[in-house]
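Undergrad: In case you want the letters, here they are:
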Amino acid sequence: MSTLAGYFSYAVTIFLLVAGLFIIIARGNLIKKMVGLGIFQTSVYLLYIAPGKLVGGTAPIIAPGFHVYSNPLPHVLILTAIVVGVATLALGLALAVRIHEAYGSIEEDEILEQDNADAGSKERGG
Amino acid sequence: MMVVTVVALARSRNLFAVVVLFGAYSFLMATVLVALDAVDVAMTEAAVGAGISTVLFLGALHLCRSEEAKPAHRPLIPLALASGVGALLVYGSLGLPAFSDPTAPIHTHVAPRYLNEGPKETGVPNVVTAVLASYRGYDTFGETTVVFTAGIGVIALLRRRNKNKAEQS
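Residue numbers (the numbering used here), protein chains in the order written: chain A, 1039 to 1164; chain W, 716 to 884.
Everything labelled a hint here was simulated from the structure, so no lab data went into it.
Warning: the hint list may mix true and false statements.
DMTMM-like mimics (lysine to aspartate or glutamate), calculated; alpha carbons at most 25 Å apart, straight line [stated by the list, open to error]:
(1) Lys1071(A) x Glu858(W)
(2) Lys1071(A) x Glu1151(A)
(3) Lys1160(A) x Glu1139(A)
(4) Lys1160(A) x Glu1146(A)
(5) Lys1160(A) x Asp1147(A)
(6) Lys1091(A) x Asp1147(A)
(7) Lys1071(A) x Glu1148(A)
(8) Lys1091(A) x Asp854(W)
(9) Lys1071(A) x Glu832(W)
(10) Lys1091(A) x Glu832(W)
(11) Lys1071(A) x Glu1161(A)
(12) Lys835(W) x Asp854(W)
This is chain W alone, in the form it adopts within the complex:
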């Protein structure tokens, strides 16, 4: 179903339809994440991917045209390039451990320690929260910095526009 949505996304030329399809795609992705036991990530994806992103896209569409022009040339070179990257990735994925393999390195390195010691050391039963806020707190700090910088960038870009408009009128 996700694959069908993505193909429709790539073919559609009406940008409004593309944005609505992208929202539906985000909800599908959130459903898949619930099935993969990543409930915190699924909640964030549903709120941020399907909610905030869609609002941002619609705001941008309101300020621009909502119809995409026909491409001037056939997309043969991009198709070949993307397929080449895909073939390389398939070749690379052959060396990865199979799905849900309990002996894979991802399950034997630091994860058992977080799961065994996390509740004792932090007092939080949700291990994702414990790791996010306690063990890897610096990640969240860096993330806040990125969001702050992006906010400054957006303000700088859009404020200049208003000033130009005021000078023209």
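Looking at chain A on its own, in the form it has when it is part of the complex:
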């Protein structure tokens, strides 16, 4: 039983990762894809932070009376990852807005249809 509980955090991480991956692949809407990417990222945060925790420890702020701290290194790495994630998100959403300006749609199917129609008319014209 204790071994099963020991792997619970990995199970949650893997479920979130699979859900994020599924949203990215299965949904044609570009903004929905960005949400899926966000869920994928948070699952990676959990993957890094969860092993750093020690039961009975406290946050890694040195104070008298405490001897067990959680590992500070993953926290630092994930702080950087969160900020980089928001930068990627902003860039992706800007791309989606630009695509909406050019095609009038943020659905993958409609964009592909328009592209195919353009290529077909060009072939007929030339």
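Add chain W to chain A, keeping to what the hints say.
TA: Same frame as chain A, but now just chain W:
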């Protein structure tokens, strides 16, 4: 609860509801991070994930349509692919150390040195700050570069749009 939110996220077609659910999901994730003793990360996640991301999403929704079209085909292939990746990850996670195992490599490598010598060497009691700003300062430098590049990209993408509009009118 997080699992329920994610399932609702995947099923909902109204993008506004999706964005609000994503904000709620970020707050839940921040709560989990507090429970895992990562207070700095939880604060950043609550401010950035639930705050700035939601504002960015709402801004993008304002400029686009907020309703998602019905998918043309059944999502069987993506489901199979995602489940396959999940199965591989489960297989991989069997080789990882159990939760909160003090003898795991993550707790015996550099972490004890940071915890023991960090306050003496940097004078900062918060070890996360000490490592972020002092030991791994180059990471923060690279992060700033990434954010700067992303900012340039966003400006380049959206500025061209305004110029086109001005030419049309």
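Undergrad: Does Asp1147(A) lie within 25 Å of Lys1160(A) when you go C-alpha to C-alpha?
TA: The hint holds at about 20 Å.
Undergrad: Mind checking the alpha carbons of Lys1160(A) and Glu1139(A) for me, to see if they're no more than 25 Å apart?
TA: holds (22 Å)
Undergrad: Is Lys1091(A) close enough to Asp854(W), meaning Cα to Cα at most 25 Å?
TA: holds (23 Å)
Undergrad: Lys1071(A) and Glu1148(A): Cα distance at most 25 Å?
TA: holds (15 Å)
Undergrad: Does Glu1161(A) lie within 25 Å of Lys1071(A) when you go C-alpha to C-alpha?
TA: violated (32 Å)
Undergrad: Starting from Lys1091(A), check that the Cα of Glu832(W) is at most 25 Å away, please.
TA: holds (20 Å)
Undergrad: Taken at face value, is the distance from the CA of Glu832(W) to the CA of Lys1071(A) at most 25 Å?
TA: It is violated: about 44 Å lies between the C-alpha atoms, which goes past 25 Å.
Undergrad: Is it true that the CA of Lys1071(A) sits at most 25 Å from the CA of Glu858(W)?
TA: The given pair, whose Cα atoms are some 24 Å apart, holds under the 25 Å limit.
Undergrad: Just to be careful, I want the Cα atoms of Lys1160(A) and Glu1146(A) compared with a cutoff of 25 Å; is the pair within it?
TA: holds (21 Å)
Undergrad: For a C-alpha distance cap of 25 Å, please report whether Lys1091(A) and Asp1147(A) respect it.
TA: violated (44 Å)
Undergrad: Regarding the pair Lys835(W) and Asp854(W), is the alpha-carbon distance no greater than 25 Å?
TA: Judged against 25 Å, a Cα distance of about 22 Å means the pair holds.
Undergrad: So if I understand the rule, the pair passes when the alpha-carbon distance is 25 Å or less; does Lys1071(A) with Glu1151(A) pass?
TA: Since the Cα atoms of Lys1071(A) and Glu1151(A) sit roughly 19 Å apart, the hinted pair holds (cutoff 25 Å).
Comparing the model with each numbered hint stated earlier shows that hints 6, 9, 11 do not hold.
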